[in-house]
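Asker: If you read the protein sequences in the order shown, they are chains A and B. Numbered according to the working numbering, the first sequence spans residues 50 to 344. Numbered according to the working numbering, the second sequence spans residues -1 to 251.
Honestly, the hints are just simulated from the structure, not real lab data. Don't take each hint at face value.
[To be verified] Short, incomplete list of chain B residues facing chain A, as computed with Cβ under 8 Å:
1) Ile11
2) Thr14
3) Ser73
4) His97
5) Ala105
6) Asp108
7) Phe188
8) Phe197
9) Gln200
10) Glu204
11) His208
12) Gly209
For clarity, every value in this text was computed on a predicted model and none was experimentally measured. Think of the CB as a built atom: it goes at the ideal place given N, C-alpha and C, for glycine as much as any other residue.
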Amino acid sequence: MKKKFLLAAALAALALGAQAQANDTIAKVKAAGKVVMGTRESSAPLAYTLGNNQYTGYHVELCQRILKSVFPGTPIEYVAVTSANRIPLVQNGTVDIECGSTTNNEARQKDVAFALTTYVTEVRTAVKAESKINSVADLNGKTVATTTGTTSVALLRKNKRAQGIQFKEVYGKDHADSFLLLESGRADAFVMDDNILAGLIAASSNPKAYKIVGETLNVEPIAIMIRKDDPKFKAAVDDYIRKAMKDGEIKMLYDKWFMKPIPPKNVPVGLSMGKILSELVAHPNDKPAEDFNKQ
Amino acid sequence: MALDWQVFCQDTIDRTPVRGCFGTGGLKGTQTYLDWLLQAWGQTVLVSALSLVVALLVGAIIGTIRTLPDSPWLSRIGNWWVELFRNIPLLVQIFLWYHVVPALIPAVADVPKLALVVAGLGLFTSARIAEQVRAGIQALPRGQRYAGMALGFTTPQYYRYVLLPMAFRIIIPPLTSEAMNIFKNSSVAFAVSITELTFYAQQVGEETAHGIEVYLAVTFLYVISAFAINRIMAFIEKRARVPGFVASTGGGH
Chain A
50 MKKKFLLAAA LAALALGAQA QANDTIAKVK AAGKVVMGTR ESSAPLAYTL GNNQYTGYHV
110 ELCQRILKSV FPGTPIEYVA VTSANRIPLV QNGTVDIECG STTNNEARQK DVAFALTTYV
170 TEVRTAVKAE SKINSVADLN GKTVATTTGT TSVALLRKNK RAQGIQFKEV YGKDHADSFL
230 LLESGRADAF VMDDNILAGL IAASSNPKAY KIVGETLNVE PIAIMIRKDD PKFKAAVDDY
290 IRKAMKDGEI KMLYDKWFMK PIPPKNVPVG LSMGKILSEL VAHPNDKPAE DFNKQ
Chain B
-1 MALDWQVFCQ DTIDRTPVRG CFGTGGLKGT QTYLDWLLQA WGQTVLVSAL SLVVALLVGA
59 IIGTIRTLPD SPWLSRIGNW WVELFRNIPL LVQIFLWYHV VPALIPAVAD VPKLALVVAG
119 LGLFTSARIA EQVRAGIQAL PRGQRYAGMA LGFTTPQYYR YVLLPMAFRI IIPPLTSEAM
179 NIFKNSSVAF AVSITELTFY AQQVGEETAH GIEVYLAVTF LYVISAFAIN RIMAFIEKRA
239 RVPGFVASTG GGH
């Protein structure tokens, strides 16, 4: 009996120790002698791979700069994460900082913490250049494409009911497929995150034949993700981002990844900084998506 | 883990529970995930049923002309048909109908996508049914054909009154499999934006974060649909049986 109790106590102490260590990333990194960055394989231009375990992108480079300043001289290890495993991996300590394309929302804030918002996607509408569609109201009687399994589908339904407009929806099984629907004329418009639309247009056979129009249907703040309840590390990361926003480093990085040609194809995304992100650079915050979409 | 079936009673836009689980419908009315599930099931049944009709009609014709004795060109066309449609993967065929055919033949561009999917799925299955019809006709003893000829029947007549009634009875079991397959294959229609059960599973699973419940419900509806086909075909088989005929004696000849 006593043995059992001792064992339980030892386990509890271990668990507590692990907990304490897990929630102090700075101590954990110092002890391990390395820092683990979780990143994405195909979320260009935010975070993507060039092959050979090489990762790059807007958020990856920003994180490299942050880590270099917070942990000078500490080697960075890269781990590819997916939409499904990124939160568990940050929670259990496999990954110290996730630099990909994670939306900061209230549900996720229960499990993890987010640094200051460094990118914003706006859900907008892509149409052909000669199209007369300029807003959601113009979609009346038209055919609208979006991708199965995305939040844009629900968003379209919402707008349809709220504004009482009639349009037909078609669904591509992935983004490339949805774009094909627009290209082949099966759809008059394609509603999706603006960076995805810009990327597809840039990669299309004739980028000049398309334009992105209309009001913003939804806003998603994208941020660097770290462990919850680790105020020391969050302060260190946020301080760097705040400074970078002030002295123009963020603008420079944005320009580099969104306006200039990027590897591997050396084609620019061509998406200038939106109003909401410009506002955030002037007044940084880490509010969840829900705060941006209050009406 | 606990399953939360209440998700099907929620409104599809504001996610609030709807009393009685069914929304009011209409342009501005409410719609629950259960309403949507039943609509998706309807689309699956519609695509499958129409495709089955196309497949049976075309399959019967192609299968028959492949066995015609004195029409080498018709048989050859039949053979080409079967090889064409069964050598291309189904998903590729659906994409060809949806994206390529309208680009080549502008008149097809205005055809509703449902018709294109029905054509794709129906013609794909018609090749398989044609093969079974041919096998059924060729399984009959040669004497039956000769007996029909000896009675003075023309070729269409002895096919109509002698060969086909027996051949179709023989092939009811494999046709049952094809009919059930068409139901399951109809899931490819989601790739060209038919809002059927597979589309529903992908979209609603993502929207509600209740993927397990959604997939279980969709699986259940597929099983029910395929099993209903199975029972209908078993009933037809039983009713169409003629004592002493090939089909009921195990093809003895």
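Asker: For each hint, tell me whether it holds in the structure or not.
Answerer: Structure-based check of each hint:
no., hint, result
1, Ile11, "holds, 5 Å"
2, Thr14, "violated, 13 Å"
3, Ser73, "violated, 38 Å"
4, His97, "holds, 6 Å"
5, Ala105, "violated, 14 Å"
6, Asp108, "violated, 11 Å"
7, Phe188, "holds, 7 Å"
8, Phe197, "holds, 6 Å"
9, Gln200, "holds, 5 Å"
10, Glu204, "holds, 4 Å"
11, His208, "violated, 14 Å"
12, Gly209, "violated, 10 Å"
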